[in-house]
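Line by line, the protein sequences are chains A and B. FYI, in our numbering the residues of the first sequence are 1 to 353. FYI, in our numbering the residues of the second sequence are 1001 to 1286.
Derived by calculation from the structure, the hints in this document are not laboratory data. Errors might be hidden in some of the hints.
What the hints assert, rightly or not - Here are the computed distance ranges between Cβ atoms for each label pair:
hint: 1; chain 1: B; residue 1: Leu1134; chain 2: A; residue 2: Gly43; range: 45 to 51 Å
hint: 2; chain 1: A; residue 1: Lys105; chain 2: B; residue 2: Tyr1149; range: 36 to 42 Å
hint: 3; chain 1: A; residue 1: Lys108; chain 2: B; residue 2: Asn1060; range: 56 to 62 Å
hint: 4; chain 1: A; residue 1: Ser139; chain 2: B; residue 2: Arg1132; range: 39 to 45 Å
hint: 5; chain 1: B; residue 1: Gly1019; chain 2: A; residue 2: Asp197; range: 36 to 42 Å
hint: 6; chain 1: A; residue 1: Gly43; chain 2: B; residue 2: Leu1085; range: 43 to 49 Å
hint: 7; chain 1: A; residue 1: Lys105; chain 2: B; residue 2: Ser1243; range: 55 to 61 Å
hint: 8; chain 1: B; residue 1: Arg1275; chain 2: A; residue 2: Ser139; range: 27 to 33 Å
hint: 9; chain 1: A; residue 1: Gly43; chain 2: B; residue 2: Gly1187; range: 29 to 35 Å
hint: 10; chain 1: B; residue 1: Gly1187; chain 2: A; residue 2: Asp197; range: 33 to 39 Å
hint: 11; chain 1: B; residue 1: Gly1187; chain 2: A; residue 2: Lys171; range: 39 to 45 Å
hint: 12; chain 1: B; residue 1: Phe1122; chain 2: A; residue 2: Lys120; range: 38 to 44 Å
hint: 13; chain 1: B; residue 1: Phe1031; chain 2: A; residue 2: Lys105; range: 23 to 29 Å
What the hints assert, rightly or not - One side only, chain B facing chain A, incomplete, derived with CB under 7 Å:
hint: 14; residue: Glu1176
hint: 15; residue: Leu1177
hint: 16; residue: Ala1180
hint: 17; residue: Arg1182
hint: 18; residue: Pro1188
hint: 19; residue: Met1189
hint: 20; residue: Val1195
hint: 21; residue: Pro1198
hint: 22; residue: Pro1222
By construction, the Cβ of each residue, glycine as well, lies at the ideal position given by its N, Cα and C atoms.
In case you want the letters, here they are:
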Amino acid sequence: MGAIALRNVEKTYGHGPKAVKVIYGVNAEIPDGEFIVIVGPSGCGKSTLLRMVAGLEEITAGEIDIGGRVVNKLEPSERDIAMVFQNYALYPHMSVYDNMAYGLKIAKVPKAEIEVRVQKAAKILELGGLLDRKPRQLSGGQRQRVAMGRAIVRQPQVFLFDEPLSNLDAKLRAQTRLEIRKLHHELGVTSLFVTHDQVEAMTLAERMIVMNAGRIEQIGTPEQVYQKPATTFVAGFIGSPPMNLLHGQADGSRFTVGGQALQLPAAAPRAGPLLLGVRPEHADLNPAGAWPLRVEMLEMLGAERLVYGRLGDAAFTLRIEGTLVPPQAGDTVKVLVTPEHMHWYDPGTGQRV
Amino acid sequence: MVERRPLATALSHLVLVLGVLIIAFPIYLTFIASTHTAREIAQQAPMSLLPGDNIAQSYNLALFGGQTDNGARTPPVAPMLWISLVSALVISIGKIAISLLSAFAVVYFRFPLRNLVFWMIFVTLMLPVEVRILPTYKVVSDLGMLNTYAGLTVPLIASATATFLFRQFFLTVPDELVEAARIDGAGPMRFFWDVLLPLSRTSIAALFVIQFIYGWNQYLWPLLVTTTEDMAPIVMGIKRMISGGGDAAIDWNVVMATAILAMLPPAVVVVLMQRWFVKGLVDTEK
């Protein structure tokens, strides 16, 4: 019932020559009850897309379908959705109870029913003792929970989250992340969650949509997106530090990067110019390795250590155990990469080969 | 400012005390004069600075009118107070209502020429009542509104200042609040009543005080649009009392009692609303 379908959705601001297109023909099918995270850098159109689903932005072209109903022309309140905003957007002059009850009051839900729903939401979110407080008397985390409570009491088909954790400190963010997952598990309501934080995306998503510059780069489970990034953008965006991308010429099992020929453990998918991607955590320091890395700098992160260096003239980073005896800057060490950890991309289109 | 300099402290206190004296002394003098008889005031020069025993009679005479010591008839001030009160209330409440609505329209609705409309309102800031007083008089007179409450108040209700103030306030209300209200299903007027108005409480209180005093102190405009004595507000009444005859013929105790009466309502409004100001400053809601 709460399935969402986006069909060729486009968004253009302005008209005529000054028009700015921000969303280019987005297609996605989200089954009922799934938790979808839309992730991308600032300005990629992810919030705009969410706001189009909410009905806060007009849809320039295409169709948005919620629960089998095209909602393009419906007011936000008629779409059977609830939204949690980044800055919570609680009504400052209303008590916590009234904040949660306001939408139901307008919808003319009977008082007794409102009471039941608000109390239930308050119980789920542990807001019981705070119902008479004003938002300004609450901490950031509590406000966040009230904002979620306001969404829950509406019993919508779809929850929309617009970067709801960005205003919380790191510890609270991790905790709230867990609570949101728990909540989704309990309520099973289709959720669209927008964030620019890849950790949030990876941990919360059942499936994630990676967006860049108004287009969808990849849709998939966190595992798929991490293990098989569909484009060089996804490869560079998901994972920290980002995947190493080496420009070079492939010829059988030889790959030439800036004059330095690297021996590949398996043949490249095709000959000619290619991009080779290797995640820093998937490259090992190993005397049996075939790639000579000139070490330039090291960073100690505690459990692990980052080694920055050069393969030929290309920058290359790798992540090693913190307990290993590290190489020194200026050393040349051998790097070993196994075939399953090599990602090949077309340098022209950025698509996976 | 946590410096401890006894001399500076003493000096600043001295300046403050002097300032208070300069402002308070004339009011004290007015009050003292209203407690003496007209004859005492006329004969003793300088006047005694201690209260006399004529207070009840002076205020009785001022409020309800009657025969004075000089043998003249003095008109009752009570109806004038009523007229001033009604005018000031209508002006301040009307101004607030109209400005709230026009600011709401200018900030939250996209209609053609929206900016032009706003700037037209804004430009009228440059045209105070005095500048447009003759054309306004002509309009009011042609509409047969001379000597009416409508004539006294309606032309003073439109206010660019208040519209501008509310516009600036509305612009600081986060957009997400509007969006949250839309998702909750609140229409524009519902949003206005349930969210915007409660948030504007403190601005409304501030504006009410300013506009009440503005309305109460109107002099030039009532002078033009009222020709009969029964529609004169109190500020005009005071002027009328001291306009006839020489110094000896004026009942200064009644005049001063009237002046004190005229000062009281704005003072009451300020004192009562001051609590709201403080409250507004303490809970910065937004």
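Comparing the hints with the structure gives:
1. Leu1134(B) to Gly43(A): 45 to 51 Å: violated, 57 Å
2. Lys105(A) to Tyr1149(B): 36 to 42 Å: Given a distance of about 39 Å, which is inside 36 to 42 Å, the answer is holds.
3. Lys108(A) to Asn1060(B): 56 to 62 Å: Given about 58 Å between the Cβ atoms, the range holds.
4. Ser139(A) to Arg1132(B): 39 to 45 Å: At roughly 54 Å between Cβ atoms, Arg1132(B) and Ser139(A) fall outside 39 to 45 Å, so the hint is violated.
5. Gly1019(B) to Asp197(A): 36 to 42 Å: violated, 58 Å
6. Gly43(A) to Leu1085(B): 43 to 49 Å: This hint is violated: roughly 58 Å between Cβ atoms.
7. Lys105(A) to Ser1243(B): 55 to 61 Å: holds, 60 Å
8. Arg1275(B) to Ser139(A): 27 to 33 Å: holds, 29 Å
9. Gly43(A) to Gly1187(B): 29 to 35 Å: Once the Cβ atoms are compared, 32 Å apart, the range 29 to 35 Å for Gly1187(B) and Gly43(A) holds.
10. Gly1187(B) to Asp197(A): 33 to 39 Å: Hint holds: Cβ distance 36 Å, inside 33 to 39 Å.
11. Gly1187(B) to Lys171(A): 39 to 45 Å: About 41 Å separates the Cβ atoms of Gly1187(B) and Lys171(A), which means 39 to 45 Å holds.
12. Phe1122(B) to Lys120(A): 38 to 44 Å: Taking Cβ atoms as reference, Phe1122(B) and Lys120(A) lie about 50 Å apart, which means the hint is violated.
13. Phe1031(B) to Lys105(A): 23 to 29 Å: For Phe1031(B) and Lys105(A) the Cβ distance comes to about 53 Å; the hint is violated.
14. Glu1176: holds, 4 Å
15. Leu1177: Since the shortest Cβ distance to chain A is 5 Å, the answer is holds.
16. Ala1180: Where the cut-off is 7 Å and the nearest Cβ of chain A is about 4 Å from Ala1180(B), the hint holds.
17. Arg1182: Cβ of Arg1182(B) sits 5 Å from chain A, so the hint holds.
18. Pro1188: violated, 12 Å
19. Met1189: violated, 12 Å
20. Val1195: Holds, about 6 Å.
21. Pro1198: holds, 4 Å
22. Pro1222: Status violated, d = 38 Å.
Hints 1, 4, 5, 6, 12, 13, 18, 19 and 22, counting from the list given before, are not met by this structure.
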